[in-house]
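> Take a look at the letters that make up each chain.
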Amino acid sequence: MIEAFIFYLFASLTVASATTVVTVRNPIHAALFLVLTFFTSAVIWMTLEAEFLAIILVLVYVGAVMVLFLFVVMMLDINIARMREGFVQYLPLGIGVALVMLALMLSVVTGDIFSSEAMLEPIPKAADYSNTKALGGVLYTEYVFAFEIAAVILLVAIVAAISLTMRKRPKTKYQSPPDQIKVRKADRLRIVKMRSSNFEP
Amino acid sequence: MSEFFHSTFQFLPEPVQYTVYTLLKVVVILVPLFVVVAYYTYAERKVIGYMQMRRGPNRVGPLGLLQPFADMFKLMFKEIIIPTNSNRYLFIIAPVITFAPSMAAWAVIPFNDTLVFSDINAGLLYILAMTSVGVYGVIIAGWASNSKYALLGAMRSAAQIVAYEIAMGFALVGVLMAAGSLNLGEIVGGQRGGLSNWYFIWLFPLFMVFLISGVAETNRAPFDVAEGESEIVAGFHVEYSGMTFAVFFLAEYANMILIAMLTSLLFFGGWLSPVPGLIGDSIGWLFAKTSVFMFLFLWFRATFPRYRYDQIMRLGWKVLLPVTILWLVVEGVLVYFKIGPWSG
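Sequence lines, in order, name chains V and F.
Quick note on the numbering used here: the first sequence kicks off at 1 and runs consecutively.
Quick note on the numbering used here: the second sequence kicks off at 1 and runs consecutively.
Chain V with its partners taken away, still in its complex shape:
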């Protein structure tokens, strides 16, 4: 009873906030609604007893990815009026993509593999059952190869991103902390002895 209530509350919140992400005008509001969507989906995962995935969703997507997203969106000077200019022009294409997506989702949900008959309600686990341990066990034994490949692909992406920005910029001024630490008083300061008065009586 209470589980159903929690599910319907957060499922409707998820759908509502996800819809708002694409309809709201202000990009910052859109990003914030995306955060809310992540949060409510985390709660739904929690009701499925996937507490590790739920907390990781909050930790990684809400705590790190969306912070960087907001960071970038706030820094950009976005002209909302200009962004909406091509709306009518791209409308047919957009509707086409939306219909394809809808068909795809319907085929998945109504198909045999993910239908509500095939996906029964999970059996509640005992309190000492550790989701994290179970996931780690599978990830590092059965799927270790795929896991490592995913890690290498991520590493390649990091290297690519860094190499794109690491070009030589001769005009940029850098501070070198080791050099700054090595500086001694004699390098910067010259003490001049002079008489207290230059006026000869």
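Read the hints as simulated data drawn from the structure, not as lab findings.
Quick caveat: nothing in here was measured; it's all calculated off a predicted structure.
Glycine included, every Cβ here is placed at the ideal spot set by N, Cα and C.
Don't take every hint at face value.
Listed below are several chain V residues computed to face chain F (Cβ distance under 10 Å; list not exhaustive) [claimed, not checked]:
id : residue
1  : V22
2  : I28
3  : V62
4  : T172
5  : Q175
Got chain V sorted already, so can you dock chain F onto it with the hints?
Chain F in isolation, oriented as in the chain V frame:
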């Protein structure tokens, strides 16, 4: 305690009993927390005062002991000013978003073997997730204020928290490698057997990284560039007044106490006694250890000048992160050859 409560309130239906009992437990944790926060602000002003050869607050009540309440009432009766062209809803909701996670994180903190509000398996992850949500309050406050200084403060805070959260997370990976569990109670249990088994000895670099990133995560001096009075006035909360400002303030101090308590739980054996033969384990040990780290926060503020922004970024990414990764490798070797407290 639970039986006593349920027998006294038998006349109520079962779910109501449960709800009331849970709410009571929340009150039992949060009310002392608020009192500690109030007197922590007093202690900060006194401690820094004496470190700077002055007396600190000593006018309201004996020895100035009523000062926190005077401050509280002052803030409560002040007007909340909402700047023109600011985003009204986000402006009001921002302090709440900072405050709520800083309270919610306390749900999984164990005070001794049995005294814990919610004994969940992934306790450590939950705390990391909650503390990472708190940054939204700062970012939203900075943006919604429609002020240059506030926006700059928010930007600084976002970059800083993302950087230090990674170092902090890696330091915690070391702790959970040692304990083999994400449950805070079991992590403390893994340090049983006196001072030599506490993790700070075996994970000393990780302890240092955790403490430094803890100070950075709470936006405290010397990493308080998000506020940076001398550069950007008060940073993200420059437009906040009255109670909205007080809520930011409360959250910051609650977070400091949380970091201090986590340090003593994860690296200093929590409620365990340093000499188990002589003195028994008790909750007093936990509070004593926590107060030491709470004092450190104040000492840092009185001692160190503020870091320059690029130095903060360099320290986070180029110093703390490599140190943690290196020590994780060392720890892996130690665990493999069964050297250390985890050998048993």
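> Hint by hint, note whether the structure agrees.
Checked hints:
1. Interface restraint check for V/V22: the shortest CB-CB distance to chain F comes to about 19 Å, outside 10 Å, so the restraint is violated.
2. Interface restraint check: V/I28 against chain F, minimum CB-CB distance 6 Å, threshold 10 Å, status holds.
3. Because the closest C-beta pair between V/V62 and chain F is about 6 Å apart, less than 10 Å, the hint holds.
4. With a cut of 10 Å, the hint placing V/T172 at the interface with chain F is violated, because the nearest CB-to-CB distance is about 13 Å.
5. Given the 10 Å rule on beta carbons, the hint for V/Q175 holds: about 7 Å separates it from the nearest Cβ of chain F.
Consistency note: the structure conflicts with the earlier hints numbered 1, 4.
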